[in-house]
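Trainee: Can you build the whole structure from these sequences, using the hints too?
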Amino acid sequence: MAEHVIAPPRAVQFCRTVGKTPDEIIGRTIYDFFPLELAKKREQDDLSVIPRMLDLYCAGNNLVYGVRRGRDADTLFKRLTAETYYRLMRWMGRSM
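Heads up: the sequence shown begins at 59 in our numbering, then just goes up one per residue.
Hint data in this document are derived by calculation from the structure and do not stem from the laboratory.
Take the hints with a grain of salt, since some may be wrong.
[What the hints assert, rightly or not] Using C-beta positions, here's what the derived DEER-type ranges look like: (1) 109 to 148: 12 to 22 Å; (2) 84 to 110: 13 to 23 Å; (3) 81 to 134: 16 to 26 Å.
[Unchecked claim] DSS-like mimics (lysine-lysine), calculated; alpha carbons at most 30 Å apart, straight line: (4) 78 to 99; (5) 99 to 136; (6) 98 to 78.
Backbone N, C-alpha and C define an ideal beta-carbon position, used for all residues, glycine too.
Mentor: Structure (structure tokens):
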């Protein structure tokens, strides 16, 4: 997650992804939205973005969301499953 984008439209997108409103996700952790194993994997993503995310939160942003820009470091299996997931979500009408 070293390549991060933090912006209100991304926050809205995350809300749609997890099916919650911004008020429902503020103050929650990744464990509140994803199964335990998936949350643990996501938690191990690049921690170097946390200081920047905290700065943005302290600057008055109620919701700070990190987005992966590339999957170069991921295994082929992980890239294929992620691609399949996003295709399926778009097919079901979710904007991702």
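Trainee: Hint by hint, which ones does the structure fall short of?
Mentor: Checked against the structure, the hints that fail are numbers 1, 3, while the rest are satisfied.
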